[in-house]
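Going down the list, the protein sequences come from chains A and B.
All residue numbers for the first sequence refer to our numbering, where the first residue is 3 and numbers rise by one.
All residue numbers for the second sequence refer to our numbering, where the first residue is 207 and numbers rise by one.
Please note that the accuracy of each hint is not assured.
[Claimed, not checked] Here are a few chain A residues that face chain B, going by a calculated C-beta distance under 7 angstroms:
(1) G483
(2) S486
(3) I500
(4) L509
(5) T537
Hint data in this document are derived by calculation from the structure and do not stem from the laboratory.
Values in this document were obtained by computation on a predicted structure and should not be read as measured data.
Ideal Cβ placement from N, Cα and C applies to all residues, glycine included.
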Amino acid sequence: MPVSTRYPKEQMHRIKYTKLTPEQILAKLSATAADGPTGVSTMTSFAGTPMKVVLDGGPALIYRFSDRGNVSFSEGEGKAVDARYGALTLDNIALITHLIPGTQRGYALIVDQDTNLATAFELWFSGYQDNREVQRQIYYGYVDQAGKAAPTERHAMTNRIEGKGFYWKQDTGIETLEHYPTVLYSNFVELTRFGGELSFCSPSDYIKINDDKYIYSRVEAEFSGTMTTYVLDPNRVEQIGMRLGFNDSDALEYYMFRGRGEWTGQIAQFEPFGDVGTSLPQRRPSAAAPAAPPAPAKGQRQVYRPMKTNPIMTKAQLEDAVAKKPASVFPDGSAMAGNKGPVSTFLKGKDLTLRYDNGEAYNYKFDDVQKLRWKRDGAPESAWREERYESWESAPGVIMFGHLLSGAPDHDALSIVVDFDNALVTCLHGTMGTPYMANEAAVKTLFGVVDMKGLVAPKYRRHQFTDELVGRAVSWNYRPGLTSMHLYATPHSLSWIIFLDNGAGGLEWSGPASYVKIRDELYLAYWLEEACNGTLGTILVNLRTMRNCGVDYHGGPNGISLGSVGAHARHAGRFNTVKYFTPKSSERQS
Amino acid sequence: MTTRSTRRKFIGTAGIALSAPIAAAAANAPALVPAGGHDADTLEARLARLADVDAIRTLNHAYAMHVNEGAHEAIAALFADPSSAPIEPGLVQMTIDHSAEQDVIEVAADRRTATARMHRTVETESVIGPDCPLVDMARQQGGGVVRQTERGVFEHVYVRQDGIWKIQRATYRRV
Chain A
3 MPVSTRYPKE QMHRIKYTKL TPEQILAKLS ATAADGPTGV STMTSFAGTP
53 MKVVLDGGPA LIYRFSDRGN VSFSEGEGKA VDARYGALTL DNIALITHLI
103 PGTQRGYALI VDQDTNLATA FELWFSGYQD NREVQRQIYY GYVDQAGKAA
153 PTERHAMTNR IEGKGFYWKQ DTGIETLEHY PTVLYSNFVE LTRFGGELSF
203 CSPSDYIKIN DDKYIYSRVE AEFSGTMTTY VLDPNRVEQI GMRLGFNDSD
253 ALEYYMFRGR GEWTGQIAQF EPFGDVGTSL PQRRPSAAAP AAPPAPAKGQ
303 RQVYRPMKTN PIMTKAQLED AVAKKPASVF PDGSAMAGNK GPVSTFLKGK
353 DLTLRYDNGE AYNYKFDDVQ KLRWKRDGAP ESAWREERYE SWESAPGVIM
403 FGHLLSGAPD HDALSIVVDF DNALVTCLHG TMGTPYMANE AAVKTLFGVV
453 DMKGLVAPKY RRHQFTDELV GRAVSWNYRP GLTSMHLYAT PHSLSWIIFL
503 DNGAGGLEWS GPASYVKIRD ELYLAYWLEE ACNGTLGTIL VNLRTMRNCG
553 VDYHGGPNGI SLGSVGAHAR HAGRFNTVKY FTPKSSERQS
Chain B
207 MTTRSTRRKF IGTAGIALSA PIAAAAANAP ALVPAGGHDA DTLEARLARL
257 ADVDAIRTLN HAYAMHVNEG AHEAIAALFA DPSSAPIEPG LVQMTIDHSA
307 EQDVIEVAAD RRTATARMHR TVETESVIGP DCPLVDMARQ QGGGVVRQTE
357 RGVFEHVYVR QDGIWKIQRA TYRRV
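Using the sequences provided together with the hints, build the complete structure.
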């Protein structure tokens with residue numbers, strides 16, 4: 003039976019990519035180096051064109067192209083080797099790539115044939131503890147022209163395409179959404195390869211060739227380690243590119259592609275006016291890291307590797323941690339609650355039952371502003387349990403509150419939004435532990451109604467999942483010095499971005515998410531920091547007051563914690579991407 | 207006019223040569239006051255005091271530049287007892303004032319100790335806590351701190367040690 007969308011057995015962040023050895027990598031590369039990159043589109047031939055590329059701080063690259071696909075190549079004074087190359091051109095911009103036979107190295111070279119300026123990506127494997135992760139060193143330079151003076155201009159890193167987003171369809175049929183919300187990272191949605199449910203983030207390079215052409219490159223660090231590099235024309239939305247790496251079957255992908263796309267939008271930049279991002283802001287000595295940073299090593303870049311600082315725990319380890327330390331429930335001074343609103347008194351004194359459509363129902367007695375009792379509906383009076391809670395009135399009559407379900411085997415936590423004007427409730431029911439990690443939260447969304455004296459609940463109406471947030475970017479200032487930006491990248495995932503000192507987007511990561519519409523411009527969102535630190539974040543986003551309130555639920559070496567969240571928002575723009583997430587019929591695909 | 211020193215400037219222009227002027231100033235200063243003392247208004251005594259003040263200014267300049275670089279070991283080396291050198295918590299930047307001539311520097315009559323009072327604009331930094339994933343992520347790119355600019359007064363006490371002026375005590379207070 004034909005299927006319209008091939009969903010993977012595991013999403014990218016769940017795949018246990020093989021730790022390939024250098025020997026395995028070399029063997030796989032050697033087989034491919036003899037053939038060169040594959041491609042669907044006709045490659046460009048540079049036959050008969052000798053080329054010497056002079057690189058600032060790097061080796062001279064000397065090419066003697068003999069025919070379409072074959073080249074004699076040497077680095078500086080090194081011995082020339084025969085290699086297979088591939089080349090594509092976009093107007094007068096050429097992208098040439100080749101491996102160096104017998105090594106784990108290669109190059110991607112971009113040459114502007116109008117200006118003779120060049121950018122070279124030296125590429126290699128086995129340069130990081132995960133050998134399969136492609137490493138790169140970028141050199142800027144020019145193609146030597148006999149008898150002519152060397153140009154003084156260079157291609158350069160840029161923030162001039164920060165904030166842009168595109169839909170791309172390669173000649174291979176691969177479709178992606180690619181957003182450039184930071185100068186260090188990018189966000190991409192694999193519509194074809196991974197079913198388009200989640201977005202993922204990778205360290206990325208952005209280089210300006212001229213005002214109409216740019217180079218984009220990412221390495222899927224912490225995943226397959228694959229590199230994708232392309233030249234793009236944002237006006238015509240065309241690209242020429244190459245991809246190098248090992249897929250989830252450990253097969254080498256080394257191909258070139260030509261693509262066309264659609265512009266999906268431009269979100270805000272927060273750098274000072276006049277800052278065009280030709281360098282990254284100097285990392286200043288700080289109280290946390292007083293020593294001057296050492297000179298970067300070859301290929302060094304900032305990569306967010308969340309699993310390095312978030313150890314995977316077993317169930318036994320988690321239970322041990324929980325037993326040693328009482329749960330931390332809404333402590334004062336949470337880093338992410340510096341701009342939270344006042345705790346609400348709305349619930350104090352109320353008795354009610356929240357009835358969910360899956361049959362679960364909870365009785366509540368709100369004894370005080372931060373003290374409640376709950377029991378499952380129908381349970382005996384002896385089943386009442388007392389919990390500390392916090393609540394906030396995000397909009398008149400709309401209350402969000404959260405609490406633990408003490409005694410629950412999975413250390414359950416509830417984040418609940420009640421609309422008393424409509425007697426509707428939505429609950430994000432968090433539990434600790436997934437098949438992958440014991441210290442990772444899972445969540446289910448429950449819709450229901452409020453059963454309370456004086457309220458008549460609707461029979462059919464419920465809060466509903468929404469895609470109204472999809473594509474939006476909103477910055478969140480939690481307190482002085484701590485601001486992030488959410489990019490609600492897909493209906494089922496969001497990204498969070500940390501800003502650099504100059505306001506440019508910096509590190510970025512992504513996790514599964516969902517959005518429920520409570521009222522106009524009022525949304526309940528959650529995100530799961532899966533394969534990361536395991537946190538379940540739940541926030542009620544009010545786009546009229548530009549503020550959120552919410553609950554962070556976390557399990558780890560310090561046990562279980564439930565903390566409050568509160569931040570001020572700013573609109574940062576929107577990508578028009580909703581249409582790309584509509585389920586396709588098999589007929590449409592064919 | 208004041209300018210803020212940056213680490214880059216410091217490395218490029220002043221870093222290597224910093225301790226030389228201090229040593230030179232001390233070496234060129236007239237000998238200490240004899241046990242019996244002498245008239246404070248003599249030319250020799252006035253020259254000696256001026257040399258001391260100049261050496262202390264140079265010392266203060268070095269202190270500021272090391273602060274701006276976050277070079278705690280270099281700061282400690284400016285103190286008489288490096289092992290107990292107090293580094294003002296959170297102090298990460300201070301202006302290098304060209305008007306430092308207005309600093310109040312007083313050298314004791316025996317020229318063995320001195321004090322200084324200096325108004326400066328400083329940038330302080332406090333670490334955001336408690337830890338949470340977002341803060342951890344921010345720290346990985348050099349953030350996770352709150353930076354503030356304020357005016358304050360440094361009050362230093364100096365002691366001459368082996369012929370070279372050293373900071374004996376440094377205090378800072380916001381004004």
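Hints numbered earlier in the text: which of these fail when held up against the supplied structure?
none
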